[in-house]
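*Asks:* Sequence:
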Amino acid sequence: MGSLAIFGLMVGLMIGRLTTPEPSMLQQVEVIDGTLVAWFNNEPKLHGEIIDGSVALLLQAQGRPQKGQLKLNGKDVNWRVRLSDKGLLLTLVAARPLRGEWAGSEVDDRWRLEIRLQEQ
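First residue of the sequence shown? That's 51 in my numbering, and the numbers climb one at a time after it.
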(Lines of atoms letter the chains of each structure in order from A; the text may use other names.)
(Lines give C-alpha, C1' and ligand atoms only; values in the text may rest on other atoms or scores of the structure.)
Protein backbone atom coordinates (compact mmCIF):
# COMPACT_ATOMS: atom_id res chain seq x y z
CA MET A 51 0.00 0.00 0.00
CA GLY A 52 2.86 2.36 0.87
CA SER A 53 4.61 1.71 -2.44
CA LEU A 54 1.40 2.54 -4.33
CA ALA A 55 1.14 5.84 -2.44
CA ILE A 56 4.77 6.71 -3.25
CA PHE A 57 4.25 5.73 -6.90
CA GLY A 58 1.10 7.90 -7.09
CA LEU A 59 2.95 10.83 -5.53
CA MET A 60 5.83 10.50 -8.01
CA VAL A 61 3.46 10.34 -11.01
CA GLY A 62 1.58 13.39 -9.70
CA LEU A 63 4.82 15.34 -9.32
CA MET A 64 5.90 14.45 -12.87
CA ILE A 65 2.53 15.52 -14.32
CA GLY A 66 2.67 18.77 -12.35
CA ARG A 67 6.18 19.46 -13.64
CA LEU A 68 5.11 18.90 -17.24
CA THR A 69 2.10 21.21 -17.00
CA THR A 70 3.89 24.06 -15.20
CA PRO A 71 4.84 26.75 -17.73
CA GLU A 72 8.49 27.62 -18.16
CA PRO A 73 9.32 30.96 -16.48
CA SER A 74 9.81 33.91 -18.81
CA MET A 75 13.46 34.82 -19.35
CA LEU A 76 14.81 38.03 -20.86
CA GLN A 77 17.24 36.88 -23.52
CA GLN A 78 18.45 40.13 -25.06
CA VAL A 79 17.68 43.82 -25.47
CA GLU A 80 18.50 45.67 -28.68
CA VAL A 81 17.93 49.08 -30.23
CA ILE A 82 16.53 49.08 -33.76
CA ASP A 83 15.86 52.45 -35.44
CA GLY A 84 15.19 54.30 -32.17
CA THR A 85 12.94 51.52 -30.89
CA LEU A 86 13.84 49.33 -27.92
CA VAL A 87 13.23 45.62 -28.58
CA ALA A 88 13.35 43.04 -25.78
CA TRP A 89 13.39 39.31 -26.57
CA PHE A 90 11.98 36.67 -24.21
CA ASN A 91 11.70 32.87 -24.39
CA ASN A 92 7.90 33.20 -23.85
CA GLU A 93 5.35 35.91 -23.13
CA PRO A 94 5.85 37.60 -19.75
CA LYS A 95 3.08 39.27 -17.79
CA LEU A 96 3.50 43.00 -18.19
CA HIS A 97 2.36 46.16 -16.43
CA GLY A 98 3.41 49.48 -17.93
CA GLU A 99 2.98 53.10 -16.89
CA ILE A 100 4.14 56.53 -17.88
CA ILE A 101 5.28 58.23 -14.68
CA ASP A 102 6.35 61.88 -14.69
CA GLY A 103 7.50 61.69 -18.31
CA SER A 104 9.39 58.41 -17.98
CA VAL A 105 8.26 55.00 -19.20
CA ALA A 106 8.30 52.12 -16.69
CA LEU A 107 7.47 48.49 -17.49
CA LEU A 108 7.26 45.80 -14.82
CA LEU A 109 7.81 42.39 -16.38
CA GLN A 110 7.22 39.09 -14.60
CA ALA A 111 10.39 37.58 -15.96
CA GLN A 112 13.91 36.64 -15.00
CA GLY A 113 17.07 38.10 -16.45
CA ARG A 114 20.16 40.10 -15.72
CA PRO A 115 20.46 43.83 -15.08
CA GLN A 116 21.62 45.87 -18.06
CA LYS A 117 21.50 49.40 -19.41
CA GLY A 118 22.09 51.42 -22.53
CA GLN A 119 21.07 54.38 -24.67
CA LEU A 120 19.07 55.01 -27.78
CA LYS A 121 18.50 58.11 -29.90
CA LEU A 122 15.08 59.72 -30.24
CA ASN A 123 15.02 62.66 -32.68
CA GLY A 124 18.78 63.02 -32.25
CA LYS A 125 18.58 63.18 -28.44
CA ASP A 126 19.64 60.56 -25.89
CA VAL A 127 17.22 58.32 -24.04
CA ASN A 128 18.64 56.11 -21.29
CA TRP A 129 17.15 52.68 -20.63
CA ARG A 130 17.83 50.33 -17.76
CA VAL A 131 16.70 46.84 -16.73
CA ARG A 132 16.99 46.07 -13.04
CA LEU A 133 15.82 43.34 -10.73
CA SER A 134 12.83 43.94 -8.49
CA ASP A 135 10.95 41.75 -6.05
CA LYS A 136 8.23 41.16 -8.68
CA GLY A 137 10.46 40.51 -11.70
CA LEU A 138 12.30 42.93 -13.96
CA LEU A 139 11.79 46.68 -14.08
CA LEU A 140 12.55 48.32 -17.44
CA THR A 141 12.73 52.13 -17.30
CA LEU A 142 13.30 54.65 -20.08
CA VAL A 143 14.17 58.24 -19.12
CA ALA A 144 15.26 61.35 -20.98
CA ALA A 145 15.83 65.05 -20.30
CA ARG A 146 12.34 65.77 -21.70
CA PRO A 147 9.04 63.99 -21.00
CA LEU A 148 8.38 60.81 -22.95
CA ARG A 149 5.33 58.89 -24.06
CA GLY A 150 5.59 55.25 -24.91
CA GLU A 151 3.64 52.51 -26.63
CA TRP A 152 4.52 48.86 -26.35
CA ALA A 153 3.36 45.78 -28.17
CA GLY A 154 4.39 42.16 -28.07
CA SER A 155 4.26 39.41 -30.66
CA GLU A 156 5.53 35.90 -31.15
CA VAL A 157 8.41 35.63 -33.62
CA ASP A 158 10.25 32.34 -34.31
CA ASP A 159 9.15 30.67 -31.04
CA ARG A 160 10.27 33.70 -29.00
CA TRP A 161 8.39 36.69 -27.64
CA ARG A 162 9.32 40.13 -28.99
CA LEU A 163 8.38 43.21 -26.95
CA GLU A 164 8.73 46.44 -28.93
CA ILE A 165 8.73 49.79 -27.13
CA ARG A 166 8.22 52.90 -29.29
CA LEU A 167 8.84 56.30 -27.77
CA GLN A 168 7.70 59.82 -28.59
CA GLU A 169 8.41 63.17 -27.04
CA GLN A 170 5.49 64.73 -25.17
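Just so you know, these hints were derived from the structure itself, not from any lab.
One thing to keep in mind: the hints can contain errors.
What the hints assert, rightly or not - Straight-line C-alpha distance at most 20 Å; calculated EDC-like pairs for lysine to aspartate or glutamate:
hint, residue 1, residue 2
1, K95, D126
2, K117, E72
3, K121, E169
4, K121, E72
5, K125, E156
6, K136, E169
7, K117, E156
8, K95, E156
9, K121, E93
10, K95, E72
As the list claims (entries may be wrong) - Have a look at the derived ranges for each label pair, beta carbon to beta carbon:
hint, residue 1, residue 2, range
11, L59, E169, 52 to 60 Å
12, L63, G124, 54 to 62 Å
13, Q170, L96, 15 to 23 Å
14, D158, A106, 25 to 33 Å
15, L139, G84, 17 to 25 Å
16, M64, A145, 49 to 57 Å
17, V81, D158, 16 to 24 Å
18, R160, R130, 19 to 27 Å
19, G84, K136, 24 to 32 Å
20, E151, Q78, 19 to 27 Å
21, K136, Q168, 21 to 29 Å
22, W89, L59, 32 to 40 Å
23, K125, V61, 53 to 61 Å
24, G103, P71, 18 to 26 Å
We put the CB at the ideal spot given by N, CA and C, even for glycine.
*Asks:* Just pull the numbers of the violated hints for me, sorted ascending.
*Replies:* Of the numbered hints, 1, 2, 4, 5, 6, 7, 9, 24 do not hold.
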